[in-house]
Amino acid sequence: MGKVNHMDRSTLLELNKITKAFPGVLALDQVGLKVGYGEVHALMGENGAGKSTLMKVLTGIYKKDSGQIIFDGKEMNFNSSMEAQLSGISTIYQEINLIPYLSVAENIFLGREPKKVGRIDWDRINREAEAIIDGMGISLDVKKPLNSYSTAIQQMVAIARAISVRAKLVVMDEPTSSLDEKEVEVLFKQIRKLKSQNISVIFISHRLDEIFEICDRITILKDGKLVGDFNIADITKVELVSMMIGKDATDIMAQAHGTYEAKEEATILKAEEIRDTVKLRGVSLEIKKGEILGLAGLLGSGRTEFAKVVFGDNVHHEGTIDINGKPVKLKLPKDAIARGFAFCSEDRKVEGIFPNMSIRENMTIAILPKISRMGIVDKKKQKEIVDTYIKSLAIKTPSPEQKIRNLSGGNQQKVLLARWLCMEPDLVILDEPTRGIDVGAKAEIEELIQKMSKKNIGVLMISSELEELVRNCHRVVVMRDGKNVGELQGEALSEKNILTVIAQGGMSDSFTAAERSMNNEQ
Amino acid sequence: MEKIKKYGLDFIKQQGVVIAFLVLVLIASIRYSEFMTYGNVTNVLRQSSMIGLISIGMTFVILTGGIDLSVGAMVAFAGVLVAKMSGSGLFVMIFFPILICTALGAVNGLIVTKMKIAPFIATLGMMMAVRGVNLVLTGGVSVRVSDDVIGSYQVIARKFFLGIPIPVWIVIIVLLTAMYVSKYTKYGRHIYAVGGNEEASVMMGLNVDWVKIRAYMFSGLLAGIAGVIFASRVGAGQPVGCEGWEMTAIAATAIGGTQLTGGKGKVSGTIIGVLIIGIITNILNLQGNVNSWWQGIITGLLLLVVVVIQSQTIREKIMDRRVRRSVG
Chain D
75 MGKVNHMDRS TLLELNKITK AFPGVLALDQ VGLKVGYGEV HALMGENGAG
125 KSTLMKVLTG IYKKDSGQII FDGKEMNFNS SMEAQLSGIS TIYQEINLIP
175 YLSVAENIFL GREPKKVGRI DWDRINREAE AIIDGMGISL DVKKPLNSYS
225 TAIQQMVAIA RAISVRAKLV VMDEPTSSLD EKEVEVLFKQ IRKLKSQNIS
275 VIFISHRLDE IFEICDRITI LKDGKLVGDF NIADITKVEL VSMMIGKDAT
325 DIMAQAHGTY EAKEEATILK AEEIRDTVKL RGVSLEIKKG EILGLAGLLG
375 SGRTEFAKVV FGDNVHHEGT IDINGKPVKL KLPKDAIARG FAFCSEDRKV
425 EGIFPNMSIR ENMTIAILPK ISRMGIVDKK KQKEIVDTYI KSLAIKTPSP
475 EQKIRNLSGG NQQKVLLARW LCMEPDLVIL DEPTRGIDVG AKAEIEELIQ
525 KMSKKNIGVL MISSELEELV RNCHRVVVMR DGKNVGELQG EALSEKNILT
575 VIAQGGMSDS FTAAERSMNN EQ
Chain C
33 MEKIKKYGLD FIKQQGVVIA FLVLVLIASI RYSEFMTYGN VTNVLRQSSM
83 IGLISIGMTF VILTGGIDLS VGAMVAFAGV LVAKMSGSGL FVMIFFPILI
133 CTALGAVNGL IVTKMKIAPF IATLGMMMAV RGVNLVLTGG VSVRVSDDVI
183 GSYQVIARKF FLGIPIPVWI VIIVLLTAMY VSKYTKYGRH IYAVGGNEEA
233 SVMMGLNVDW VKIRAYMFSG LLAGIAGVIF ASRVGAGQPV GCEGWEMTAI
283 AATAIGGTQL TGGKGKVSGT IIGVLIIGII TNILNLQGNV NSWWQGIITG
333 LLLLVVVVIQ SQTIREKIMD RRVRRSVG
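Chains as they are written, first to last, in my numbering: chain D, 75 to 596; chain C, 33 to 360.
Just chain C, same shape as in the assembly (with noise of 0.2 angstroms):
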């Protein structure tokens, strides 16, 4: 009996996220008879798709003990440079400012990595001055893109292929992109080693700066694709648009089990994050009469709960290696 309940903790810490989705769906299913029509689904997950993309960017930067918290602003940005560059035909509209978003992620990874300066300081930085650009290229209002191309570019938001958003298709191939790459190469394995025990690694011999510079490029390329999407979806770039994305990429990634220290988590558990913070919302909209400043409150209190749950786990172990010690 106390094996099975042991087992049955285990169990719920380890795929607490997993079941906790499940649950969700099922209340909702149940309780809301439009929630799993095609229609409902398909726009949770479109909708889902460009928080998913950054929550992956920021589970990898997350992994190696890092945070970036200027991928709302990159979004944004990159939004605005579409628009800006909507003149100059399709491919550069759409490659430039995924472009220059890896960039500014590679400064990221060079300021944290050669300068020292933490990651929180050094992406609040990033963070405020790619705001400050938003507005500086916009004056503060929204760009709209060019009537030329609209129509053509509007494909990436809004049209399906095989009954599927173009932008889930986005994200399922990023998300099996960096699930091979985490789990399968070596530089998946080195995020974790990074994020694990950063002296260690130093020692092993891993060029950690490198490591870590590619994840805060990772994050910028996912935050400039993420813009790309924005844009189509409102055919405009919105200088001020996406603010506090970067809070719920790190909340996502957190309730997917991503431990905030680094070195622990999966990229996997951050999409079932991502989901279950687009399901809350959804079943608010779907409620009808529940105000929607309610979503802040129930997505806080979940990821709270996943957090205590988390460090009751680490604290566990440090305890039971502490008696283990003093008994061998």
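So that you can see chain D by itself, here it is in the shape it has in the complex (with noise of 0.2 angstroms):
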């Protein structure tokens, strides 16, 4: 290990010019972190900013192409992630990393059992597990097998482990995501607690509020680069959002939108109080007929979760819809697809497409039933609606056989927004519509939603570009930490406006007061 010089004595952890490059990607450029003794360092960016990478580099589960990574005084290059546990660094990860189905006191403890004349000394591993597990303040049966707690006190034990370890450091990446209120207090009792210890914490988070209350310093990433680092005392919540999502919020200007011009008046969707096991708190909006409606928030503030919600694709949920005005129980999509509901995933692989299938099959899977008499499809139907949709979308292809993997991701798009459209659906929830997909492509699917509004057709569109939301919506709801925290429309409509709300979690005076002036013309 080399020698470092001109090394801060209040410096627990330092990386320089931390590089990482996947093939086409570069995932890392030359980022930087600097985490003091006994600080809680928030590690801040949008998906793919680089906040895991990063930390898989530090515990050396990737390989660094180039940088420096200082630990307590010392160069380190952990080549597993069991090298740095042994050095002081613990990582605790968002879906719990322990075996379900082992005792509490054996998860603290495997990897490293003590040993008595050869064989594991059981009476010690029970013993040393419940000493630690008391001197968290926490009570519970350390020989019960994990999976008979709470994933609250899961997580517990996770930092248990981490203590018993001997940490210096601890890493903890989105611990809080899938806790209720109460749980993350317990949670942050610890951290205070390892704190005290003069134990460092990394939070990663997505939740504002968890960091601001938290945190004493900020790194901020964006796009696999440094944005920068801050005392959390320095920065407010609307410049840190601005940062993480790439826009200055003092520059941003109003940009021009549709307003919303109601031929009737017709309420398609009223969700109320909608609550799931764990991301969404309380969520209350409507959608009515041939309005775009947006759906503005960070990651992980419960927009997809809402609208699976809203489509039946989660049965576990509380809080009443009401779909054309009268109460439904969606328990499966199929029941939204029957009321003419419409839902594009945003992860076209995973839930859209059938890569090998053909265009044409691709666009007609949902629509089968309806064309086909006595179970078999009648072709001259299902070739008529896919030369339609072909056409008025402009899907670049040279025919409607073509495999539909094979195609550019903004014409898989419209392939599967074909698919809900000849439908004739009511409402269509588009779950981020644009993304990864070129700019051209772009504005065609743009302009499309600007035409199924024409068509009286209700859009719930759900997108973390914010001009994106600005330029084709209606009214934008904003949503924070599972909740619906504030709405926009008209002149208040704006980036500005939408990345003030997210970080205040709330409306200010001044939106309301230009709201209700809206309000009144109208």
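Derived by calculation from the structure, the hints in this document are not laboratory data. There may be inaccurate statements among the hints.
[What the hints assert, rightly or not] Residues from chain C shown here face chain D by an in silico Cβ test under 7 angstroms; the list is partial:
id, residue
1, F123
2, A232
3, V240
4, L292
5, K296
Idealized CB from N, CA, C, for every residue including glycine.
Dock chain to chain to rebuild the complex, using the hints, since each chain is given by itself in its own frame.
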């Protein structure tokens, strides 16, 4: 291990100019990170910013291409997470990475079981585990299997494991994503305890309030590059969000967007107080015929989860859903489809296309029952539909028989849109409809969305690109931490205002005033 | 009352195999006077010994989240090797086949871990290949153990020690070792960890590949030993023998309460599973007028009942956690 001369004595971890490339992507581009002793350091950034990659480089799961890792005064190059652990870096993952069927005590000591005369010393394991758990102020039976306890308790066991290896640094990768508010409090108590023992924490979370509650310093990444690091006291939520999204909050100009011209003010969907077991904590909104409603919010705010509830893809929810004024109970997507709903998933590859099937098959797979007679597909009708949509959506392909995986992302997306449009839906839910497609195709898809609205189809559009929401939507509902926290329309609908609502978790007076004046005009 | 009912159910679920075993023994002893005789009991134990060995190996492999379909073929292969080597003296004819089967187990493990082939396919390939080798080596006919050694060689399968057949002693030793390993050694615990959550095991720094490879080697080793006993019993190597033994071993493991997705189960449970299957066969023999084909039907139904109970336990746990999460 190399010697480091100019080392600040108060710094536990210093990452210098870390670069890591995967085939075709520069995941980390000269990123730096500094964590002091006993400091809780937030690592923030949207998806793909490089947070997880950076942590995997740190803990030896990935090998860095270049750069320097200095930990506790020494330059380190870990080859495995075990090596990192032995040196004092423990990681707690979002999905609890413990063994469900083994006892709590064994989970704490797995891989470094104490032995007595050649055999595992169970008494000592149980005794020491109990001491650690007691020390954390939790009471549980360490001999019981891990999976007999709740997620939060399991998370605590993961922390107990981290403490027991005498960690100097604990990396927590979205530890709160599956915890409820009370459980988060319990976790924070433990983090404060670690801090008081001079143990440092790197805390990754998408929840802003948590960051501002528990962290001392913050490092922001975007697209694999370092945006900056700050004292948490020196930064506002608005600044933080704008840096994460890469927009200067003060610089954003209001952009033109359509206004909703109601032909017939019929509400298609009215959802009230939608909750699920994990992410959603009460979402209410409604969509009218021909309205384009945007759903804004950071990753993990529950946008997709909400859309899935509305589409019947999550039975475990509470709250009421009215479709066309009638209360319904949606148990499966087919219930929602039968009521005229359509859903374009954000994950085209997993939840959308059948890669080895043709455009024709992909496009008509949902409508087959409607165009079949006694189980036999009416080929003529099928061809009509396919030809119509290839033409009207300008899908670029030599033939409808082309396998869909050979198309560009934009054209795949258009085929998926056609799949739902040919069902003549009343409401189309689009989850990140322009993700991963080029600018030209983006414009075409946006145009299509406007066309749908003109045909009186309601559109629920989820997007992380604010300018896209502002440009396309009549109204935008902002979500945060599983709740809808604000709503913007008319003049108040701007990127800047969306950012502010996301950051503050609510509407400030100025927008409500603007909205009020809007409403008065109507 | 509710509580008693709940504890009762829990008890049945946890100790179900033991209860089933005891009930079976009870019924058999009441109905058939010759069931509890020394001759019959030792006979059942001896007949179950070879399946017992490969089932213990199978349990380790299944605990890691894998499966080993090649053991039946390997038992036959070891038997053929014994007969083929019987000119080279007792030591070689016993240990060489065991060594070869252990090596084949290692190959299974390497294919599963290093080449990342699903265990089902990897060991299915091994099974077919070994069966093929058996036929090529023998021309499809059984090979007699050489007359020079057959007398002393058949001691293994036919003699008793302290009134218990030697094959049963072998199973007892292997069983106790396996129980000790699975409870009191790092290797044993890591088998459970790998099968319980492979990704987490990697993150905790366990050598997952090596844990798996050793499980397949252990399975091969025990198949080799079973083959040696088999050849000793029939006095010959039978290239097409032991057909379907791997399935019986899997059934015994499942009946014994080991979760087929890995991470949960006990070797002791497996042995009870083996005995249950052995006793069912025995009862049908004692009944005399019932076709032995019924054995498959009864064992199959029993297996299904056990697996259904298992999956319900898992489902309850999941539901339970969901409820707790939404309340907490």
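To see whether the hints hold, each was checked on the structure:
{"no.": "1", "hint": "F123", "result": "violated (29 angstroms)"}
{"no.": "2", "hint": "A232", "result": "holds (4 angstroms)"}
{"no.": "3", "hint": "V240", "result": "violated (11 angstroms)"}
{"no.": "4", "hint": "L292", "result": "violated (13 angstroms)"}
{"no.": "5", "hint": "K296", "result": "holds (5 angstroms)"}
The structure does not agree with the numbered hints 1, 3 and 4 stated previously, though it agrees with the rest.
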